[in-house]
Amino acid sequence: MVGSGASVLKRFRSSQLGGMSLPDYGFYILCATAIVLLATQAVLHPSDFAQILVFGVTQGAIYALVALGYTMVYGIIELINFAHGDVFTLGAYIGTAILGFFSLTEGSFTTINLIALLLVFPLVMLIMGGINVAIERVAYRPLRNAPRLAPLITAIGMSFLLEGIMFLWKGPATVHFPDILPQASTTVAGVFFGFKDVFVVVVAAILVTLLALFINRTRLGKAMRATAQDRDAAQLMGIDINRTIAATFFIGALLAGAGGMIWGLYYNTIYYQLGFRSGLIAFTAAVFGGIGNIPGAAIGGLVIGLTAAFSDSYIGSKWTQVVIFGILIGVLVFRPTGLLGMRVPEK
Amino acid sequence: MALLELEGVDAFYGRIQALRGVSIKVDKGEIVALIGSNGAGKTTTLRTISGLMHPNSGTITFDGKDITHTRPSQIVGLGIGQSPEGRRLFPRMSVLDNLVMGAYTRNDKAGIASDMERVFTLFPRLQERRSQISGTLSGGEQQMLAMGRSLMSRPKVLLLDEPSLGLAPILVETIFTIVREINSQGTTVLLVEQNAHKALDVAHRGYVLETGSIVQHGSGQQLLASAEVQKAYLGM
Numbered sequence: 027m028v029g030s031g032a033s034v035l036k037r038f039r040s041s042q043l044g045g046m047s048l049p050d051y052g053f054y055i056l057c058a059t060a061i062v063l064l065a066t067q068a069v070l071h072p073s074d075f076a077q078i079l080v081f082g083v084t085q086g087a088i089y090a091l092v093a094l095g096y097t098m099v100y101g102i103i104e105l106i107n108f109a110h111g112d113v114f115t116l117g118a119y120i121g122t123a124i125l126g127f128f129s130l131t132e133g134s135f136t137t138i139n140l141i142a143l144l145l146v147f148p149l150v151m152l153i154m155g156g157i158n159v160a161i162e163r164v165a166y167r168p169l170r171n172a173p174r175l176a177p178l179i180t181a182i183g184m185s186f187l188l189e190g191i192m193f194l195w196k197g198p199a200t201v202h203f204p205d206i207l208p209q210a211s212t213t214v215a216g217v218f219f220g221f222k223d224v225f226v227v228v229v230a231a232i233l234v235t236l237l238a239l240f241i242n243r244t245r246l247g248k249a250m251r252a253t254a255q256d257r258d259a260a261q262l263m264g265i266d267i268n269r270t271i272a273a274t275f276f277i278g279a280l281l282a283g284a285g286g287m288i289w290g291l292y293y294n295t296i297y298y299q300l301g302f303r304s305g306l307i308a309f310t311a312a313v314f315g316g317i318g319n320i321p322g323a324a325i326g327g328l329v330i331g332l333t334a335a336f337s338d339s340y341i342g343s344k345w346t347q348v349v350i351f352g353i354l355i356g357v358l359v360f361r362p363t364g365l366l367g368m369r370v371p372e373k
Numbered sequence: 056m057a058l059l060e061l062e063g064v065d066a067f068y069g070r071i072q073a074l075r076g077v078s079i080k081v082d083k084g085e086i087v088a089l090i091g092s093n094g095a096g097k098t099t100t101l102r103t104i105s106g107l108m109h110p111n112s113g114t115i116t117f118d119g120k121d122i123t124h125t126r127p128s129q130i131v132g133l134g135i136g137q138s139p140e141g142r143r144l145f146p147r148m149s150v151l152d153n154l155v156m157g158a159y160t161r162n163d164k165a166g167i168a169s170d171m172e173r174v175f176t177l178f179p180r181l182q183e184r185r186s187q188i189s190g191t192l193s194g195g196e197q198q199m200l201a202m203g204r205s206l207m208s209r210p211k212v213l214l215l216d217e218p219s220l221g222l223a224p225i226l227v228e229t230i231f232t233i234v235r236e237i238n239s240q241g242t243t244v245l246l247v248e249q250n251a252h253k254a255l256d257v258a259h260r261g262y263v264l265e266t267g268s269i270v271q272h273g274s275g276q277q278l279l280a281s282a283e284v285q286k287a288y289l290g291m
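First to last, the sequence lines map onto chains A and B.
The first sequence: position 9 = 35 (the working numbering), numbered continuously.
The second sequence: position 95 = 150 (the working numbering), numbered continuously.
Any given hint might turn out to be false.
[Stated by the list, open to error] Cut-off 30 Å, straight-line C-alpha distance, at most; resulting in silico cross-link-like pairs (DSSO-like, lysine-lysine):
#1 B:Lys286 <-> B:Lys80
#2 A:Lys248 <-> B:Lys211
#3 B:Lys164 <-> A:Lys248
#4 B:Lys120 <-> B:Lys211
Hints were generated in silico from the structure; no laboratory data involved.
All chains should be built: construct the whole structure from the sequences, respecting the hints.
Right, dumping it as structure tokens:
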């Protein structure tokens, strides 16, 4: 009877009812229920609801940036890069270290703060890009043709290594990240907006737009998509897949580095295991959107950020991780292709 | 001197030997057919030429250069294009983007545009479907796109792997007519086929591959007339 569970699952997944499979119905019913419940709250307590929405979108924007790196790497080499969350955290650590060289004024916004931000933000992104390319070179490329489990294990090892480095560097306690953004805020119809909220969402939106343009319009971006879709065929086009894969890690880490900086600037507190928890949540976002699917990761990040915020408020924050990882399990079991899974037939 | 020459090529998948001392010559302007049954090593031969795998011994020379250990991305730039077995399109890209990827190694915009026109003249169907996602094309259209895409690098030698596989008889006819046309426009062709009759008919010369070794070669007509070939591959 070995494997009967899997076969039951397979039958369940492929059972049809009016052109849609049963798990699809389940998925839509769950989504509809959640939307109805939330809509009720929105009608009963509109300003609370809007406030949670603001939190959710802000968190979701950060998760989206991190989720993009997971999904891009998975798309091109089918590796779940467990070290990605730690690359994100390391970005915040390096950011706070470099910001330490400036004579910043915390709690208000000075010219020096602005200059530091404009210099350090892109610098951290580039440093993380370089580090991630090095990680790919030493930990994943030598195992390119090994069984899939091997790079997965080096990814976990790399994750522990990065956490260990941050632990040795700053210790186990939380680390302060300078609070250098303007403190300005406004209240619209009972909903509080900080400059920080706007900053997070705008920066994330700009980066995601640039990524979309890069992937769809440029020669290297198209080569990355081609390599993800068929590696041998890409080589037959003359694409150097080592370069393309390195570029994917570079860009994924640009976004993770930006995510780390934004996290630090927004919450002002970081710790060495941040990437473990936030990384798993961002990974859930990538799976939710359809792992390997770039718009899916951006949308998945938003949805997971909103889910976390609503769960914190309406269910209780101690249940939030249960809810999010419940979603991860639910998606993997019932809809492994995710929200925007690949629907194009591949003949 | 031959444009493309394999000499005593041995190739392995792990411990299994797929090619045993394969020697093949392709002269400029020719169509050369490589026929053989399933698993004889035809696709392996093409993969080895394109550098997707490297021989354990033996040499491959192209246009006077040793390319035995050259990387696949460089081999395309030297002038070897391949339309692989099973078409291997980029299924979630449009027809146009697939063709653009075919010209990946080139920078000459005008040349690329004129080659795009050439592909659309050879395969008018692709022009009608230029913005369609390639994974949704019919089998015949996918084959046309795979061939068109491989022409976009403006190869000196075009390696065609099973272009007629799985196509309706009328399309098979079209594909072989186009192979002839591509050749008459100056591209040398190395054609791998299970459809031995059609392949030898269109080819100037042919080789017969059996369990990794070349067992026979000659002109297309000679091979068509050969008793062994007739028995083994033409079902006579």
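- Message: For a quick check of understanding: which of the numbered hints are violated here, in increasing order?
- Response: Hints that this structure does not satisfy do not exist here, as all of them hold.
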